[in-house]
Amino acid sequence: MDKLNGFQSYFQFKQVNWPSMWQATFETVWLTIVSVLLVAILGLALGLILYQTNASSGRVSRILNGIVALFVNIFRSIPFIILIVLLIPLTKGLMGTMIGPKAAIPALIMSAAPFYARLVESAFREVDDGVLEATRSMGASKAQIVWQVLLPESMPALVSGLTVTAISLVGYTAMAGVIGAGGLGNLAYQDGFQANQNAITLVATVIILIIVFVCQKIGDLVVQHIDHR
Amino acid sequence: MLQLKQVGKTFIREQKTFAALTDVSLNIEAGEIYGIIGYSGAGKSTLMRLLNGLEKPTTGDVLVEGQSIVGLSEQAMRPIRQKIGMIFQHFNLLWSKTVLENIMLPLKLAGVPKAQRQAKARELLKVVELTHLEAAYPSELSGGQKQRVAIARALISDPKILLCDEATSALDPKTTNSILTLLAQINREMGITIVLVTHEMEAVRRICQRIAVMENGRLIEEGTVHEIFEKPKTEATQALVAESLMVTPSETAASINQLLERVPNGTIVQLRFNEAQSSQPVIGRLMRQYPTVEISVISGSLQQTINGALGYLYIQIQANPSDLKAVLAELAQQTIEVEVVRHG
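So the sequences go chain by chain: A and B. If you number the first sequence the way UniProt numbering does, the last residue is 229 and the count never jumps. If you number the second sequence the way UniProt numbering does, the last residue is 344 and the count never jumps.
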């Protein structure tokens, strides 16, 4: 096949192998959904620990807060591409492989969960103190306050935070693709860049943009629906 | 019903201790409406939070129905808190829940089945006259409606006590009146003891039977509404009473000066009196008794309280010295307080 250069090269759509393009799209979407779900659970748990231990003056709380905050700050700061390489031994141990979509999951979670945890913590802090006090005056237990007040009252912020996290996860999955995790990033790198078929890169880019816009739209609609303030 | 025994509360902020309450003792009887009044920072809200254990006292004891709650754990406090409803200045409703869901929340926390708590919540919506708004969210309500929802929420667990923390302070005067009327009705019809913490003497005057006045974390005066309004002993209380009669001390001074200019001659006297006295024809009788004495009313005001009226009156007296002396003596017998503002 001719190796075309210049602007026209983007529009040689006959280069595009559509079945493999859809396969890659499916992989990216799957990877994003699975990692968003896991990040949501882990991020909520970490965010809740940060929130609960921050206000408390007990010694155990302070130590727990220090440990979680350190973990969060470290993993939030490591550039994703380095984190993947750093976690290769761990990934091998956990997933039994270091190539394919599954192999990207540990790095995706380690990177995005701390980020989301900070968003969760600040969403919880936004909840009105007066409402928390009112609930306490009704005789609510700590767990009841979390389920009945903290979560529902911070839900719009939790959802919009998750939307932001999901969008950056789409970006991370593409990066993970470069080191063999499959998906659109992998396709754009190997078939698009290395084989110099720019049309493939362009199509992969457009599909990723569509995935991001859909994520944003879903997030906005959910927030609109649940926010009664 | 509720007792505080020599309670002190100290907060530590940035390694500085701050005494919010010092040696406060009071006894709130079952079925009464008890007012706790004072300017902001006087310690009223802290005092109220001791009553349902949201705050623990540093010293002293807090008793709810004879039981000390000071040593109780959060867990042991829960059933007691369910018997004490609380409403707040900013209503503190959950925006994420509808009116009905907000009202049901305390029963949901207590594990009452849904059908039962719905029935109860709808019953209370009738009491607070908001039946048509059960599916609305708090953001769609006015301030007065929000406070009504909060009252229904506070009443749903059949409390014996209702704590009101500045409950009318964020409301306009008309709405304040309707909320106070509702509180008085709840007290009368359900027999719920109400503790009203406020800086508005007006609210206390209207529905309370007894009042405690707080200043700088101390309880400086306690008594029935009439005792406090008629004979305020401390300066702080006098200021609060004057405010509620719509005249601050400086305003009084200004208006007296105006009076003196407007009425250049004669003796000017300020009278304070209560309901029983206001219905007696004191001035008419004096004028018949002393035909040469001229008495004219210059200014006055009458305020309603739950136990009747309280008022003050400025009169101008033109008389010879001996008659004047007799008239003043007569007035002193008939009214609570006679103060000669200017001798003619």
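Just so you know, the hints here were simulated from the structure itself, not pulled from any lab data. Any given hint could be a false lead.
To be verified - A short list of chain B residues far from chain A (calculated; beta carbon distances all over 10 Å): (1) LYS16; (2) SER40; (3) LEU163; (4) GLU222.
Claimed, not checked - For lysine to any residue, the following SDA-like pairs were computed, each having C-alpha atoms within a straight-line distance of at most 25 Å: (5) LYS97/B with ILE33/A; (6) LYS92/A with LYS108/B; (7) LYS142/A with THR193/B; (8) LYS97/B with SER61/A; (9) LYS142/A with VAL164/A; (10) LYS120/B with PRO152/A; (11) LYS5/B with LYS120/B; (12) LYS108/B with SER61/A; (13) LYS56/B with LYS83/B; (14) LYS56/B with PRO152/A.
Note that the structure is predicted; figures quoted are calculated from it, not measured. The C-beta atom is built at its ideal place from N, Cα and C for all residues, glycine as well.
Discussion item. If you test the structure against every hint from before, which numbers come out violated?
Written reply: Checked against the structure, the hints that fail are numbers 3, 5, 6, 7, 8, 9, 11, 12 and 14, while the rest are satisfied.
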